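Chemist: Listed below are the residues making up each chain.
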Amino acid sequence: MLKLDIENSTQQRKLEYLVLSLIVLVLYKLFYPTIDGTIFSIVNDFLIYISVAFGFYYASEFTSKRLSNPISLVLNVGILTAILFFLTSLSSVLFDSFRDIEEVSGLGYTFISIVVSLIFISFTTYILSVIRELFFLRQKRPTEKYFNVMLVVITIASVSATLAYIFEDLKFVEKTFYVVSIVVIVVNSFRVSWIAFLTKKEKIFLLVLSSIMSVLFSLISVSLSETNIVEQVLFNFSTGVNVFIKLVMLYSNVYFGIVFITTLFHLPTAGAFDQKSEEVSSLIDLSKLMTQVLDFKELGDSITLATNNVCNSDSAWLVTEENGEHELVSVNNIGYIEADGITREILKEIELPINKLVTLNKKAVKVKVKEDSRTFMFHSLVIVPLKVHKKNNGYLFAVKRQKYYFDVDEKKALGAFADYAAVALENAKLIKESIYKERLESELDAARNIQSRILPDETPKCDELDVEALFVPAFEVGGDYYDFFKLDNNRLGFVIADVSGKGISASYIMAEVKGIFESLSRVISSPKELLIKANNILKNSLGKKDFVTAIYGVIDIKSGKVVFARAGHMPLLVCSGKDIKSLQPKGIGLGLDSSDLFNSNIDNMEFQLNNNDILILYTDGVTESQNSYNEDFGDERFYETIISNCEEELSVLTNKIFRKVSLFSKDKEQHDDITLVLFKWKNNNKMIGEV
Amino acid sequence: MADFKVSSREQGQICIIDVGGYLDAHTASELEKEFEKLIEDGQYKVVVNFSDLNYISSAGLGVFMAYVETMREHGGDIKFTNLKEDVYSIFNLLGFPILYEFFDQEEDAIKKFNQ
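Chains as they are written, first to last, in this note's numbering: chain A, 1 to 691; chain B, 692 to 806.
Quick caveat, the hints were computed from the structure, so don't treat them as lab data. Just to be clear, a hint being listed does not mean it is correct.
DSSO-like, lysine-lysine: derived pairs with alpha carbons at most 30 Å apart [as the list claims (entries may be wrong)]:
no.	chain 1	residue 1	chain 2	residue 2
1	A	K429	B	K724
2	B	K696	A	K390
3	A	K544	B	K728
4	A	K656	A	K581
5	B	K724	A	K391
6	B	K724	A	K390
7	A	K666	B	K775
8	A	K370	B	K724
9	A	K348	B	K724
10	A	K200	A	K171
11	B	K724	A	K437
12	B	K724	A	K432
Remember, it's a predicted structure, so these values are computed and weren't measured experimentally.
Can you build the whole structure from these sequences, using the hints too?
Modeler: If you want it as structure tokens, here you go:
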């Protein structure tokens, strides 16, 4: 806002200076219509130069703002030229009626002379300002000094003309600088690179315009160099400005002449240039798109649309490749079903993977799609692989139906474009994947949450039995479950189970399993019967691939008698002194078989615990923990750890086992839950007896 | 994770699937694809040769459970042969030998089918 104000005020000031200098000039002219005497003519010309300078600066305010549209600037100049030409021709016609200029003196002549001169001076100034802007347009190197040198030389030529008028001897200075000016003007007329960046339409328009303008300028220049009435008027007005106008007219003439010739030479390549800039802008659009588009489909549509622009193809479509399977993502100017059929036919014939751009144009490409009576005819078909980091993500197809092949440039452009498109697609894919991953993680969080709520908060406490439980969940939540049920004052039910599968589905099954064991434990006392019942329920609710392994048992706290049954689970271990027994009664996993086979293949097993015997339940997460050589922790290491620490407190033993397992598998990610449940029975009766 | 390999060959009416490496949740889908193909072709008598298999997880076991019913309904079966000891112990722990037929050698399974 502030900047705008400043700009406005400087513009205002420039206008004020200009108006002020013009008023002074006009007043001076009215008082001293004819130039006689040294001082008068110097003051006269000085005033005019000041006005021209202010005018030039004020004009550049306008011209510099319209740089984006050089054609309109040129058109402005054209209109001004036409008016100037009209004035000069009109005055030539009028020349006959005013045979003698001297006759037409007095106030009338003064007034006309001022008006005509001011028109010429202001137009010339504006034209010079326009050429200055065109001169700098699209210049890559600093060329300001060339133009400034020209301005200085023209000024010197004009001033010396003023001086030569007063001092006849200085005529040669004027002539010299006049010639120098012409040379500099010609040198400065070759700054026309802006023409190249015009569209074809604009170039045609410019060609017509510049041809008319250069003719008009040369006619004006010619008539000004003759003793024409306008020339006389200008000469009388100011000798210096007369030279200035002549030189600017000459400059305009040469400049627009060169513009005409340059445009003429640019015209044949204008179409190609347009296409190039179309390609460039397509690439720019796409690179913008890359950062914006999150939607895969939307991105695909933009890519196929841009493909047609980039390589002048008639139709384009995009096929992605994942695990060797192809999927048509987007089509442009072709039916979805057609494109899909054609893609399948062509990919069948071509040896995959394609590593670089492939062109098919043996006269014409005919594609016959299965179950379609039509034959698709293309004159040329190009397939570009979309590669990122040497991985192929798909193919971009472009076809021409008309009788043209893809030329080298079009293929190059398409190749470059495909690189961009591949990266854009890869980005979109990564974003999609990261969204998916986030969702997966939140799902896993939910699963962990369920799991932690299902497992008991604490282990039962009683004098005769130490109970320890350790549960270490894997990242991808496994389905381990353990629980304790206080059946009556003496009996404690226990369960350990492992649900097949992982993640949220496993944790849901786990919740179901908990419900089943919690309710069945209250009504069925035989572990075998309980597991048979559990199997009946689970077989109906589990999926085909799911199963649950479990051990259910009941321990009599007072007597140390244990009854348990096993349904496909890891064996129950009993550590007695330095001896480990692995108890594995027969039993099929829950949910594997619905009927008699399960019922007839499960047995209860009973045994008596001795004082300080340890009972160990575990899941395969313990023994199947692997080290970096893919070796299992295994039974042997497990048993050895138990035996060597069996005299420790139960909590210490539990920790020792866990430390051993985690140390063993420290280089590998834990991929299943680890669960350990340990009981240590103390024979209180015996102890009392001994004491 | 170590690789998993699966391939199938035909011997008369019977299809033999060779599995090798590590069969777990990540590789189970490859084995599933193989079974899908067999069902599509109407091939229901299957022998799975485990001679190169080093490890099987619960998800791997699930694959056989998922397809055995279909095979049996069509008069076929899935039979297991050439299991390494520790792989067999996983099957055994779960009670699979009660539900499925296991053989030491591939030929024995084929013989059983041809009976």
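Chemist: Each of the hints needs a verdict: does it hold here or not?
Modeler: Structure-based check of each hint:
As the CA atoms of K429/A and K724/B are separated by approximately 25 Å, the hinted pair is consistent with the 30 Å bound. With a C-alpha separation of about 25 Å, the suggested pairing of K696/B with K390/A holds against the 30 Å cut-off. Taking the CA atoms of K544/A and K728/B, the gap is near 19 Å; set against the 30 Å cutoff, the hint holds. A hinted pair counts as satisfied when its Cα atoms are at most 30 Å apart, and K656/A with K581/A qualifies at roughly 20 Å.
With a CA separation close to 24 Å, the supplied pair K724/B and K391/A stays within the 30 Å bound. For the hint pairing K724/B with K390/A, the CA-to-CA distance comes to about 28 Å; that is within 30 Å, so the pair holds. Annotation: proposed proximity of K666/A to K775/B holds, straight-line Cα distance about 27 Å (limit 30 Å). Taking the CA atoms of K370/A and K724/B, the gap is about 26 Å. The hint holds against a cut of 30 Å.
A hinted pair counts as satisfied when its Cα atoms are at most 30 Å apart, and K348/A with K724/B qualifies at roughly 22 Å. Of the pairs offered as hints, the one joining K200/A and K171/A is violated, with about 48 Å between alpha carbons and a cut-off of 30 Å exceeded. Straight-line distance between C-alpha atoms of K724/B and K437/A comes to about 25 Å, which keeps the hinted pair within the 30 Å bound. A C-alpha spacing of about 26 Å is found between K724/B and K432/A, which places the hinted pair at or below 30 Å, so the restraint holds.
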